[in-house]
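Novice: Sequence:
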Amino acid sequence: MSGLRERKKERTRQALSDIAVALFLEKGFDAVSVAEIAAAAEVSKPTLFRYFPAKEDLVLHRFADHEDEPARVVAAAREAGAAPLDALRDHVLAGLERRDPVTGLNDDPRVLAFLRLLYGTPALVARMHAYQGRSEELLAGALGGDDPLAARLAAAQVVAVLRVLAEENVRRITAGEPVGEVLPAAVAATRLAFGRLAAGLPY
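Using the working numbering, the first residue of the sequence shown is number 595, and each one after it goes up by one.
Some hints here could point you the wrong way.
[What the hints assert, rightly or not] The following label-pair restraints were derived from C-beta to C-beta distances: (1) R692 to A754: 32 to 38 Å; (2) R757 to P778: 29 to 35 Å; (3) Q751 to V781: 16 to 22 Å; (4) A717 to L598: 32 to 38 Å; (5) A793 to R644: 43 to 49 Å; (6) V628 to P778: 41 to 47 Å; (7) L598 to D741: 24 to 30 Å; (8) D741 to A634: 47 to 53 Å.
Because the hints were derived from the structure by calculation, they are not lab data.
The structure presented is a predicted model; accordingly, all values stated were derived computationally and were not measured.
Each residue gets a CB set at the ideal place from its N, CA and C atoms; glycine is no exception.
Produce the entire structure from the sequences given, and follow the hints as far as they go.
Specialist: See the structure below:
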């Protein structure tokens, strides 16, 4: 029963987010009120806020599944005896190959519309930084070691690299460059960035 309730809750969350994003894409994020979203979803505002504490989370909850992704990759690398930065680099490269939207290298019209909404809305960009901060905390914990500050500094650098790489891909794709033409540069940039991280970090 617990698993069924969780699945039902997740379906409701997804439905609320889908309705909100559709309204944001149609009218603009700032032009849509929480009351309008609740009415469109046929729920009360308190119910909506039980699922999403802030209006921005209706969009950014899609990144919540990726918050702990770098930490999970590092934890798996540790278990396998692999270097964490090598594992993270390979994870990003695999994401580029499969056109994972989180890498920014995806030209599906729905993904492009979502990315334009995200990166074109200051409130969403600001809220995304909070998600990235939690990602840093989780990654620092996975990196571990005897020096917590060193782990936090390393995690901050890794998350910043992931953000900049994705933003550059988004910039080029939304400017109209074909994915096939952007891919080689994205791969090269990923290898270069992680090579520089590996040269300066003990991971």
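Novice: For every hint, state whether the structure bears it out.
Specialist: Quick rundown of the hints versus the structure:
no.: 1; hint: R692 to A754: 32 to 38 Å; in the structure: violated, 23 Å
no.: 2; hint: R757 to P778: 29 to 35 Å; in the structure: violated, 21 Å
no.: 3; hint: Q751 to V781: 16 to 22 Å; in the structure: holds, 20 Å
no.: 4; hint: A717 to L598: 32 to 38 Å; in the structure: holds, 35 Å
no.: 5; hint: A793 to R644: 43 to 49 Å; in the structure: holds, 47 Å
no.: 6; hint: V628 to P778: 41 to 47 Å; in the structure: holds, 43 Å
no.: 7; hint: L598 to D741: 24 to 30 Å; in the structure: violated, 44 Å
no.: 8; hint: D741 to A634: 47 to 53 Å; in the structure: holds, 50 Å
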